[in-house]
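> Work out the full structure, taking the sequences as your base and the hints as a guide.
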Amino acid sequence: GIQVEQSPPDLILQEGANSTLRCNFSDSVNNLQWFHQNPWGQLINLFYIPSGTKQNGRLSATTVATERYSLLYISSSQTTDSGVYFCAVMRSQGNLIFGKGTKLSVKP
Amino acid sequence: KAGVTQTPRYLIKTRGQQVTLSCSPISGHRSVSWYQQTPGQGLQFLFEYFSETQRNKGNFPGRFSGRQFSNSRSEMNVSTLELGDSALYLCASSKGTNTEAFFGQGTRLTVV
Numbered sequence: 001g002i003q004v005e006q007s008p009p010d011l012i013l014q015e016g017a018n019s020t021l022r023c024n025f026s027d028s029v030n031n032l033q034w035f036h037q038n039p040w041g042q043l044i045n046l047f048y049i050p051s052g053t054k055q056n057g058r059l060s061a062t063t064v065a066t067e068r069y070s071l072l073y074i075s076s077s078q079t080t081d082s083g084v085y086f087c088a089v090m091r092s093q094g095n096l097i098f099g100k101g102t103k104l105s106v107k108p
Numbered sequence: 001k002a003g004v005t006q007t008p009r010y011l012i013k014t015r016g017q018q019v020t021l022s023c024s025p026i027s028g029h030r031s032v033s034w035y036q037q038t039p040g041q042g043l044q045f046l047f048e049y050f051s052e053t054q055r056n057k058g059n060f061p062g063r064f065s066g067r068q069f070s071n072s073r074s075e076m077n078v079s080t081l082e083l084g085d086s087a088l089y090l091c092a093s094s095k096g097t098n099t100e101a102f103f104g105q106g107t108r109l110t111v112v
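Residue numbers (my numbering), protein chains in the order written: chain A, 1 to 108; chain B, 1 to 112.
Don't read these hints as lab results, they were simulated from the structure.
Nothing here was measured: the structure is a model prediction, and the numbers come from that model.
For every residue, glycine included, the Cβ atom is placed at its ideal position computed from N, Cα and C.
Any given hint could turn out to be false.
As the list claims (entries may be wrong) - Interface residues of chain B toward chain A, partial, derived using beta-carbon atoms under 7 Å:
1) I26
2) S33
3) G42
4) F45
5) E48
6) N56
7) L88
8) T97
9) N98
10) E100
11) F103
12) Q105
13) G106
As the list claims (entries may be wrong) - Calculated from the model, a selection of chain B residues having no Cβ within reach of chain A, i.e. all distances over 12 Å:
14) Q6
15) I12
16) R15
17) Q17
18) Q18
19) G28
20) Q37
21) Q44
22) P61
23) G62
24) R67
25) N71
26) T107
And the structure:
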């Protein structure tokens, strides 16, 4: 089946720093989403981005479907950005396949 | 607009018991999927329902089952609980195939 790899697995930043999270996938996909898991476990939607670039405030994402990767950019990070970021892809079967996540810690 | 609602939020069960979890999707969404999250295995797909039909199933034993009702609400059932079933169970709803999925807050199940 399709493999989804996220890097880095862990990231520690000082407040105000910028970061880039990467998601590689091993086959073509119909859908790609980025999520932030809050401390209570809920997955919060960040981007639905099968291809192209989107921006939402300090966050932006780019998916290059032909090269099978997606990037999530976080600028001017804040302590509230801490948590685990997941990339998930979907093929024709309709279920999301998740990476193992990037655990981000932003220090004040 | 109300989000995806999962009940209960927390549950403690004894080995051998069975449990039923509930998920109410966003209004107008007809697809409901279930996922299990554990520290060791990460987020794994259980099954997906669309218009009361199971369309897709993950690699879980038959003790895990589900159903979807005509109002799109879904339930999943785990029979003969094992310690390894302790996990966060997440439900997602979407309008259909290959559309954006939205997750509920999850049900944290502890089996003792």
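> Min Cβ distance, L88/B to chain A: is it shorter than 7 Å?
holds, 5 Å
> Measuring Cβ to Cβ, find out whether Q6/B lies farther than 12 Å from everything in chain A.
violated, 9 Å
> For R15/B, is the shortest CB-to-CB distance to chain A above 12 Å, so the non-interface label stands?
holds, 23 Å
> Just want to verify: N71/B was marked as not at the interface with chain A; is every Cβ pair farther apart than 12 Å?
Since the minimum Cβ distance to chain A is about 20 Å, N71/B lies beyond 12 Å and the statement holds.
> Are Q105/B and chain A close enough, Cβ to Cβ, to be under 7 Å, as the hint says?
Since the shortest Cβ distance to chain A is 5 Å, the answer is holds.
> For Q17/B, is the shortest CB-to-CB distance to chain A above 12 Å, so the non-interface label stands?
holds, 22 Å
> Going by Cβ atoms only, is F45/B closer than 7 Å to chain A?
At about 4 Å, which falls below the 7 Å cut-off, the nearest Cβ of chain A leaves the hint on F45/B intact, so it holds.
> Per the stated criterion, does the least C-beta distance between I12/B and chain A lie above 12 Å, as a non-interface residue requires?
Per Cβ check, I12/B is outside 12 Å of chain A; nearest 16 Å; holds.
> Was the hint right that N98/B lines chain A, CB cutoff 7 Å?
N98/B check passes; min Cβ-Cβ to chain A is 4 Å, inside 7 Å.
> Is the nearest Cβ of chain A still more than 12 Å from the Cβ of Q44/B?
violated, 8 Å
> Over 12 Å from every CB of chain A: does Q37/B meet that, or does the non-interface label fail?
The claim is violated: Q37/B sits with its nearest Cβ about 7 Å from chain A, within 12 Å.
> Holds or violated: the hint that E48/B contacts chain A, with Cβ atoms closer than 7 Å.
holds, 6 Å
In summary, the numbered hints that this structure violates are 1, 14, 20, 21 and 26.
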